[in-house]
Every structure is written in structure tokens, then in C-alpha cells.
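The sequence shown begins at 1 in my numbering and counts up by one.
Be aware that one or more of the hints could be misleading.
What the hints assert, rightly or not - In silico lysine to aspartate or glutamate, EDC-like type, Cα no more than 16 Å apart, as pairs:
| id | residue 1 | residue 2 |
| --- | --- | --- |
| 1 | Lys-95 | Asp-37 |
| 2 | Lys-115 | Glu-54 |
| 3 | Lys-48 | Asp-99 |
| 4 | Lys-107 | Glu-41 |
| 5 | Lys-103 | Glu-25 |
| 6 | Lys-103 | Glu-40 |
| 7 | Lys-120 | Glu-49 |
Just so you know, the hints here were simulated from the structure itself, not pulled from any lab data.
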Amino acid sequence: MYKNMDELFLNFSKSKFRSRFKLSEKDIEYINKKGLDKIEEHAYKFIKERLSDEIILNDGKQTPMKGHPVFIAQHATATCCRNCLCKWHHIAQHKQLSDNEIKYIVKVIMSWIKKEYDTKR
């Protein structure tokens, strides 16, 4: 796991795939309606439900490419599947995520969302 978020986000900005993700106006409206605290609750829920298990049968396909700001952030921050978590964040694939790993993942997601949100409102 990265200790330096600036370094991590610099690496994302160098990735043609990761850097293409942006929050849409619809995503901004949703955040305005729900609030960032509720979006963070959603992030925890999605990570626990979709990524925390030791074995994920549909790994690589469990995170939609649209439909919620957290989903967009997951692709932008390589927190969308266990393979990406392993490659980008050095979190082992075939083990249950720890509470600290889940908190780290949510922190990365929310850091990206807040950064995007601040530039668009």
C-alpha cells in the first residue's frame, strides 16, 4: 500500500487508461444531493461487498464503468478489482481484505472523488 498519496496520484496521471476517468455532471449532481459522507458510506459498502473476499469469481468484471461516482473513482484509482489492487497497490489477491486495507482503499477512492469534485463545482 502506498504511504505517499501524491506519488500514487502522479502514477495514475501517467496512465492513459486511469487518467481518462472524470466525474460527469450527473456524478457531481449525485454528490451534491447525497453529500460526501454518504458517498464514503457507499464506497465502504461496495468494497466490502465486491472486493473483500478471498476469492472473487467475477474478478475484473465486478465494478461497472458508470452509474455511481465510486465506480468511476475505482477505475481511476485502480481499486476496481483484486488484480488492479495487487498491481497498483501491492495488496495480495487471494486473501480476505483486512480492515486497514479496506480503509486504505476507501481513502484512495475518496481522495480522488474530493479532488475531482473540487475542480468541478
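Discussion item. Output the indices of the hints that this structure fails to meet, ascending.
Written reply: Result: hints 1, 2, 5, 7 break, sorted rising.
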